[in-house]
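S.K.: Each chain, written out:
2 protein chains.
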Amino acid sequence: MVDYFNGRIFLQPNEIPKDWVNILPDLPSSMTPLINPMDGKPAPPEMAFAIFPKECVMQEVSQEPRVPIPKMLREIFASTYRPSPLHRALRLEKELGIEGDDIKIFYKNESLSPTGSHKPNTAITQAYYAKKEGTKELVTETGAGQWGSGLAYGCNLFNLKCTVYMVRASFFQKPGRKILMRSFNADVHASPSKLTESGNSFLERDPEHPGSLGIAISEALEHSMRSDIIKYSLGSVVNFVLLHQTIIGQETKIQLAKVGIEEPDILIGCMGGGSNFAGLMIPFAIDKLNGKSPNMEIIGVEPRACPSVCKGDYRWDYGDSSMKGPIVKMHTLGHSFIPSPIHAGGLRYHGMAPIISILHNNRVINATMHHQTAVIGAGIQFAKAEGILPAPEAAHAVKEAIDQALIAKENNEKKVILFNLSGHGFFDLLAYKEYMTGNLKDYELPTQEIQKTLASEEMPVIDESQF
Amino acid sequence: MVDYFNGRIFLQPNEIPKDWVNILPDLPSSMTPLINPMDGKPAPPEMAFAIFPKECVMQEVSQEPRVPIPKMLREIFASTYRPSPLHRALRLEKELGIEGDDIKIFYKNESLSPTGSHKPNTAITQAYYAKKEGTKELVTETGAGQWGSGLAYGCNLFNLKCTVYMVRASFFQKPGRKILMRSFNADVHASPSKLTESGNSFLERDPEHPGSLGIAISEALEHSMRSDIIKYSLGSVVNFVLLHQTIIGQETKIQLAKVGIEEPDILIGCMGGGSNFAGLMIPFAIDKLNGKSPNMEIIGVEPRACPSVCKGDYRWDYGDSSMKGPIVKMHTLGHSFIPSPIHAGGLRYHGMAPIISILHNNRVINATMHHQTAVIGAGIQFAKAEGILPAPEAAHAVKEAIDQALIAKENNEKKVILFNLSGHGFFDLLAYKEYMTGNLKDYELPTQEIQKTLASEEMPVIDESQF
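Chains A and B are the protein sequences, given in the same order. Residue numbering for the first sequence is 21 to 487, as defined by the working numbering. Residue numbering for the second sequence is 21 to 487, as defined by the working numbering.
For reference, chain A alone in the conformation it holds in the complex:
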């Protein structure tokens, strides 16, 4: 019989990692700067300082291989939800017919945080720095609300005001996370709102405008510009957010060592903007870049409805659809790309984190994609086996992990497969209901149509010789 006592690997609060790890100094090609959309030049630090907490701006360009996690932050993690457990998926292995020790499936469980995902790892951190620097308010955008509720939670810990512009369609259709944000004291507005010029301009055209993440970003940015004591907060894509998430991979390494595993063979995460995937894999990717485990496969999983890396171009593009935010070099489907309404709202972003884009270009990581029906099916299979209902985003990683395990079984290979369970699905039950009643739809744009959109967009032209 399987020894279920080994099914969950715990760490003590005093084992929380003391550093985040920074991949910038190890990148195989150099990081591109954020570009000011007004003049096409690298955004000067003072511009970034006006938008983000200062410490985050410094981290965005830091070349230090390790960045210390402040003691107070480590204490807060210890008193709330970290370290998170690493599970061996023993029951899933049994279900897949791979009992024994040839093929092992592990998952890092980020679903136990107070808002049910990995988002508080950076939300608390950004709120901590903002508070320290005298900021009184953080403002952000949110789609379905995973990030918004994470930031509401983080700000509340430090008595910072939190303002969230929430995509109008979600604001009314998914009230759950809105209520959660408000219980954490946040001001939540349906976007487009009447509170900003950009919001008003969209409402004038259509008083019932359903909103979009791009519009909400524009509103949040405009809101943040009003005062020196308001800063803007981002939940993914940029380097400092990915840095904060490396606590996930750092803990995972310690946990694997406790069961005698140095490196997994296959590392998997879902990617929207890229933060949970990067958080898990960066510490391992650095090893791979330094020649330690050259055969380790690192796989990012996208929805077929929004395949930024799998089908997008690597080019300069606007981070938001209103073309007001910074310009970024990344994999993108184009800033005017409107993804189909899949349930994994957190993966509906047109671009991808520059760090992930660079790693993919240099074949350090791979990308793959799945349809949501297969993904939610894998989510149910996982729930039945492991007892945790994954968020639709996280179910993308589950699907790929199951596929990889079955391939290894077919080929009689020994593999250690590890994926990030980035969040639970308690707020996404509709996806499961639609699956069970046969009403879940799949979406995929033909590649040539994606290319047509990209070709038709007025993309910024950046003179790369300037940096």
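It should be emphasised that the hints constitute simulated quantities derived from the structure, not laboratory data. Just so we're clear, the structure is a prediction, and the values are computed from it rather than from any experiment. Mixed in with the good hints, there may be bad ones.
A pair counts as met if it fits within one copy or between any two copies, since identical chains are not told apart.
[Unchecked claim] Listed next, the in silico DSS-like pairs over lysine-lysine satisfying Cα-Cα at most 30 Å (straight line):
1) Lys453 with Lys194
2) Lys91 with Lys151
3) Lys273 with Lys214
4) Lys151 with Lys461
5) Lys91 with Lys404
6) Lys152 with Lys404
7) Lys151 with Lys472
8) Lys114 with Lys181
9) Lys194 with Lys404
10) Lys151 with Lys453
11) Lys91 with Lys278
12) Lys429 with Lys472
13) Lys344 with Lys114
14) Lys214 with Lys453
Using the hints provided, position chain B relative to the given structure of chain A.
M.R.: Coordinates of chain B only, in the frame set by chain A:
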């Protein structure tokens, strides 16, 4: 500054208690038997064996002070969600102005289980025994779905079929937990259903009958009678369920010892049928009964809308409203009592566990009650301070803990206050929304009306000289 590293007290999986503790041999007055409603006599073991797993029936009447937790069960707890953390509510203390070490508030966090409450503690256990005894299916009733989802989870772990009769009003108004149960493979039916005679008889009278817990119990019992390989499962009230929940209090004792506390001064839990409250307090109540900490206060908290202990009679009554299930001596508001539609669905039961009733009669424990507006207000205060949104049931314990802390502060007393956070509120966000929008109503029946109902009911007359 507060040392937040001490804010959460962890146990390792190998520290899971090896025994449940049984209060029956220590009770100050003897336990009354379950009575067969057909003849008014104590239900013979063979009758109970036909309904419940055999091992549970043995535990129901066991006089052993400690009952070993089977190794396999301990392994399953270890590989899923136990031990659960004990938190010091440092931020709540700060918020209440009781910083320092004179008044300490702790809470045991049962909200991290896969279904978000303490229910799996007994669900997994009952499924384990059922499986071992060759049972193929467990059937039960559920209101809002906390218990149903717990049992669905437990059965799924052992590949047992699970059938749940869910109160029709909740079935349609609260789809979330229904979907969760179905992802764990359970068959969920709206009750009254056409699948049973009792269900049909209610539907004939009213095809749109909203259902009740009493009707759902009748349907589940009828369903369980159909075959020897189907057993009925209960989520509260009876002795063996309370026994299984003592793992909560057993862990709490070990955790308190780690921070140098032998016994809390005040122990608090909410009570519907009584299982989460009993699970926390029984190990401490045994100490109190044995003279170890005579001044410890143990407080059960009821909703004012359903105050079985605070305002009910201690008498023989039917456990279900259809008068088909066993007759129990307990605090009751009468089997025809229909509680007002408060959000704490798990506290809307007309009776109370016999063990708790006896402890209350003997002044080992106290009972108190609160209105739901005050309760949900305390829940939000707790969420803002501690970052966890409590279930409306658990918020009753939060409210009382806050009140007790403020009383101690007023009186300059030193107190260690500890309560059970029995579940999270992610499936109960409507309660919080109504509170925030000022739409939450309070309900309370005048005592004389409760007495009038009790007097009007045809209560069973039991000859106590027979046992």
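S.K.: If a hint holds in the structure, say so; if it doesn't, say that too.
M.R.: Against the structure, the hints:
1. For the homomeric pair lysine 453 and lysine 194, the shortest alpha-carbon distances inside one copy (15 Å) and between copies (13 Å) are both at most 30 Å.
2. Taking the closest pair of Cα atoms, lysine 91 and lysine 151 come within 30 Å of each other only inside a single copy of the chain (15 Å); across copies the shortest separation is 49 Å, beyond that limit.
3. Taking the shortest alpha-carbon separations for lysine 273 and lysine 214, neither the intra-copy value of 47 Å nor the inter-copy value of 54 Å comes in at or below 30 Å.
4. Within a single copy, lysine 151 and lysine 461 get their C-alpha atoms no closer than 44 Å, and across copies no closer than 38 Å, so neither meets the 30 Å cut-off.
5. Proximity of lysine 91 to lysine 404 under the C-alpha cut-off of 30 Å is restricted to the inter-copy arrangement: shortest distance 22 Å between copies versus 39 Å within a copy.
6. Taking CA atoms no more than 30 Å apart as the test, lysine 152 paired with lysine 404 passes between copies only; the shortest distance there is 20 Å, against 45 Å inside one copy.
7. Taking CA atoms no more than 30 Å apart as the test, lysine 151 paired with lysine 472 passes in neither setting, with 45 Å inside one copy and 59 Å between copies.
8. Taking CA atoms no more than 30 Å apart as the test, lysine 114 paired with lysine 181 passes between copies only; the shortest distance there is 19 Å, against 48 Å inside one copy.
9. Proximity of lysine 194 to lysine 404 under the C-alpha cut-off of 30 Å is found in both arrangements, the shortest distances being 25 Å within a copy and 21 Å between copies.
10. Only between protomers do lysine 151 and lysine 453 lie at most 30 Å apart by alpha-carbon distance; the minimum there is 29 Å, versus 41 Å within a single protomer.
11. For a Cα distance limit of 30 Å, the shortest separation of lysine 91 from lysine 278 qualifies both inside one copy, at 24 Å, and across copies, at 23 Å.
12. Within a single copy, lysine 429 and lysine 472 get their C-alpha atoms no closer than 40 Å, and across copies no closer than 69 Å, so neither meets the 30 Å cut-off.
13. For a Cα distance limit of 30 Å, the shortest separation of lysine 344 from lysine 114 qualifies neither inside one copy, at 51 Å, nor across copies, at 42 Å.
14. With identical chains, the CA atoms of lysine 214 and lysine 453 are at most 30 Å apart between copies only, with a shortest distance of 23 Å across copies and 35 Å within one.
Checked against the numbered hints above, the structure violates hints 3, 4, 7, 12 and 13; every other hint is satisfied.
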